[in-house]
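If you're matching them up, the sequences are chains A and B in order.
Once you know that position 143 of the first sequence is 143 in this note's numbering, the rest is easy, because the numbers rise by one and skip nothing.
Once you know that position 61 of the second sequence is 1061 in this note's numbering, the rest is easy, because the numbers rise by one and skip nothing.
Accuracy of the hints is not assured; some may be wrong.
In the DSS-like style, the derived pairs of lysine-lysine whose C-alpha atoms are separated by at most 30 angstroms in a straight line are [unchecked claim]:
(1) K1037(B) / K1025(B)
(2) K37(A) / K340(A)
(3) K172(A) / K1340(B)
(4) K37(A) / K172(A)
(5) K1025(B) / K145(A)
(6) K145(A) / K172(A)
(7) K145(A) / K1037(B)
(8) K1025(B) / K340(A)
(9) K25(A) / K1037(B)
(10) K25(A) / K1025(B)
(11) K37(A) / K1172(B)
(12) K25(A) / K172(A)
(13) K172(A) / K1037(B)
(14) K1340(B) / K340(A)
(15) K1145(B) / K1340(B)
(16) K1025(B) / K37(A)
(17) K25(A) / K37(A)
(18) K172(A) / K1025(B)
(19) K1037(B) / K37(A)
(20) K1172(B) / K1145(B)
(21) K1145(B) / K37(A)
(22) K145(A) / K1340(B)
These are calculated hints, taken from the structure and not from any lab test.
Protein chains: 2
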Amino acid sequence: MTDLRLAMLGLGSVAQAFLRLLAQKSDDLAPHRISLKLVGVATRSRGIAANPAGLDLAQLLEIGAAGQPVDNLNNGRRFADSLEFVQNIQADVLLECITLNPASGQPAIDYISAALQRGLHVITANKSAPAFALARLSDLARRQKKAFLYEATVLDGTPVFSFVRDTLPATKILGFRGILNSTTNFVLTAMEEGLPPEDALRQAQALGIAEANPDYDLDGWDSAAKTAILVNALMSGSTTPDQIARTGIRHLTTRTVIEAARQGRRFKLLSEAVWRDNHPVARVLPRMVPLTNPLAHVSGTSAAITLITDTLGEVTLHLHEGEVPQTAYGLLADLITVIKSHYAK
Amino acid sequence: MTDLRLAMLGLGSVAQAFLRLLAQKSDDLAPHRISLKLVGVATRSRGIAANPAGLDLAQLLEIGAAGQPVDNLNNGRRFADSLEFVQNIQADVLLECITLNPASGQPAIDYISAALQRGLHVITANKSAPAFALARLSDLARRQKKAFLYEATVLDGTPVFSFVRDTLPATKILGFRGILNSTTNFVLTAMEEGLPPEDALRQAQALGIAEANPDYDLDGWDSAAKTAILVNALMSGSTTPDQIARTGIRHLTTRTVIEAARQGRRFKLLSEAVWRDNHPVARVLPRMVPLTNPLAHVSGTSAAITLITDTLGEVTLHLHEGEVPQTAYGLLADLITVIKSHYAK
């Protein structure tokens, strides 16, 4: 058995779901002969807990679910803040699950950079770093012979990056069209059913789909961040969310949406990219999608992406009603990729 | 550079498209430092050509397209038939592209078995062997430390088997629903537009989608063969096409199909599987699919599969208008898998 020490930034819903999944899937991990140990968790507002012998996951999950501070679980060195934590924690893999900063990608980029520089593998569920600094961090990871993986950032953990990397060899991605943000998709679906936008949004918030502050979603920032990651990862881009031409859905009325539906079209907030003059060009905007397009039938919290390829033509990946557990699976899949590629027996 | 010698069974449209693709994608293969050489082709009715120095692909494609015998290209030993060919050709990889035998899977199983026993990797675009003998041939391949791959057999070369194998670790496939046969899907789509079944079929034949003898498609045999492969590969099954409960689409009338559409449902020939009492149970049958299901929007020659998983819930893979080039890509993707896993530098 090889010890694999995990350190985690953030203890939100995705991080907690990942820890639960890890316990559920221990049988699937057994053949890899790896002994996983969570040696530290650093949170923004609930303190930091580290234990070189491994934290008690059941206890941590209880504290996490209750929203209590984690400090009491600390056993050994105390870290002042998250940066000191990533700069010093004795671990093999950093799981970065802090919240998106759509303006700059910080502080996630600094954390990930520090961890890679110290020789840790990094897996993130947070769009910040891959949206703002994917090429630089991937280069750093390559030089360090470590992994930098981010499957959980787009399409709730459905394989998109590994789909292209591992199953579509000798294929050029000519572009894509995607429905990547569940809040706007839920709101547009509800508007088509007759709800005013504000009621649709309140429903999304009540169901825990939309944040208390839904601006990032409605104004297309979340979609722009995901679009940037896709362009950077699949089309060798070096873009950032603020460089993506972006129109949100605020100007759409229930009447417009219903009228489009009468004409056999559905308003969807699309993320699109194509090549132009040897550069990928991307944008986020509401489009009237004809019902003959599979993306017209991605409703509610479902998400989908159509990849335009030079080998298979158009292939669509559609995740039905993705939620937190699916995102957490993206982290697990990346962790198994790290295990297979760096700790294979 | 390592020499990699390919031997091919069959020179139909998929085999020819594969050879063209190989030439187009030579730049993508260059980094693997492999020198590919087609050392022999055995056909059923157009003879056999072998050449240890490598056949001239351009010449072979010209002859193939013209439907002429290939014997004239032979240089060296002459083989009496396909079995002698696979038993003796000096090659590293067998590409098996003969036509489906939905009754027994033979002679493909014997050919593949002989090739694996001699230590060749085998890649097939023909459903016969994986539909009738997947477990046995996969075991044989494992003992021989060779690959037996069949991505091109389902969904026209879209990654389905590699999707599950390479991108969904620690995932159990709980079942699937798929639209896997393009003739029946094309016919049903045309019937919904008002065409009588026989006219729809004639149109499919004129477009080269349906065979001169469409019985295998209309009676669900092609779908049953694909269903058997999926069950065998993704759900550890050991079934054969004749064991799949099967209903075709012959009993459906244009009126029934249109009436269903009026009620917001589309007739689709579905391939389905679930677990029951720890065994996978599969069937092929026409179903009225509600328009809320993404499979309802798979029309014409498109194909799709919804995988039901314990980690991501339901994920649908949808290939838009797959044809021969997409199937040929499945062979290329498998060949690159062999190169990466067995000839990596």
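Going down the list of hints, with the structure as the test:
Straight-line distance between C-alpha atoms of K1037(B) and K1025(B) comes to about 14 angstroms, which keeps the hinted pair within the 30 angstroms bound. For the given pair, K37(A) sits about 17 angstroms from K340(A) by alpha-carbon distance, which is consistent with the 30 angstroms threshold. Restraint check for K172(A) and K1340(B): satisfied, since their Cα atoms lie roughly 18 angstroms apart, inside the 30 angstroms limit. At most 30 angstroms may separate the alpha-carbon atoms for a hinted pair to count; K37(A) and K172(A) exceed this at roughly 39 angstroms.
Only pairs whose Cα atoms come within 30 angstroms are accepted, and K1025(B) paired with K145(A) is accepted, the gap being roughly 28 angstroms. Taking the CA atoms of K145(A) and K172(A), the gap is about 25 angstroms. The hint holds against a cut of 30 angstroms. The suggested pairing of K145(A) with K1037(B) is violated, with an alpha-carbon distance near 34 angstroms, which exceeds 30 angstroms. A hinted pair counts as satisfied when its Cα atoms are at most 30 angstroms apart, and K1025(B) with K340(A) qualifies at roughly 28 angstroms.
With a CA separation close to 44 angstroms, the supplied pair K25(A) and K1037(B) exceeds the 30 angstroms bound. With a CA separation close to 39 angstroms, the supplied pair K25(A) and K1025(B) exceeds the 30 angstroms bound. Under the criterion of a C-alpha separation no larger than 30 angstroms, the hint pairing K37(A) with K1172(B) is consistent with the structure, at around 24 angstroms. Annotation: proposed proximity of K25(A) to K172(A) is violated, straight-line Cα distance about 34 angstroms (limit 30 angstroms).
Only pairs whose Cα atoms come within 30 angstroms are accepted, and K172(A) paired with K1037(B) is accepted, the gap being roughly 24 angstroms. Simply put, K1340(B) and K340(A) have alpha-carbon atoms about 15 angstroms apart, close enough for the 30 angstroms limit, and the pair holds. Note on K1145(B) and K1340(B): the hinted pairing holds, with a Cα-Cα distance of about 14 angstroms set against a maximum of 30 angstroms. Between the alpha carbons of K1025(B) and K37(A) the distance comes to roughly 44 angstroms, so the proposed pair goes past 30 angstroms and is violated.
Distance hint between K25(A) and K37(A) is fulfilled; the C-alpha atoms sit about 14 angstroms from each other, no more than 30 angstroms. Between K172(A) and K1025(B), the direct Cα distance comes to roughly 11 angstroms. Compliance with the 30 angstroms bound is thereby established for this hinted pair. For the suggested pair K1037(B) and K37(A), the alpha carbons sit about 49 angstroms apart, so the restraint of at most 30 angstroms is broken. Annotation: proposed proximity of K1172(B) to K1145(B) holds, straight-line Cα distance about 25 angstroms (limit 30 angstroms).
With a CA separation close to 34 angstroms, the supplied pair K1145(B) and K37(A) exceeds the 30 angstroms bound. Between the alpha carbons of K145(A) and K1340(B) the distance comes to roughly 19 angstroms, so the proposed pair stays at or under 30 angstroms and holds.
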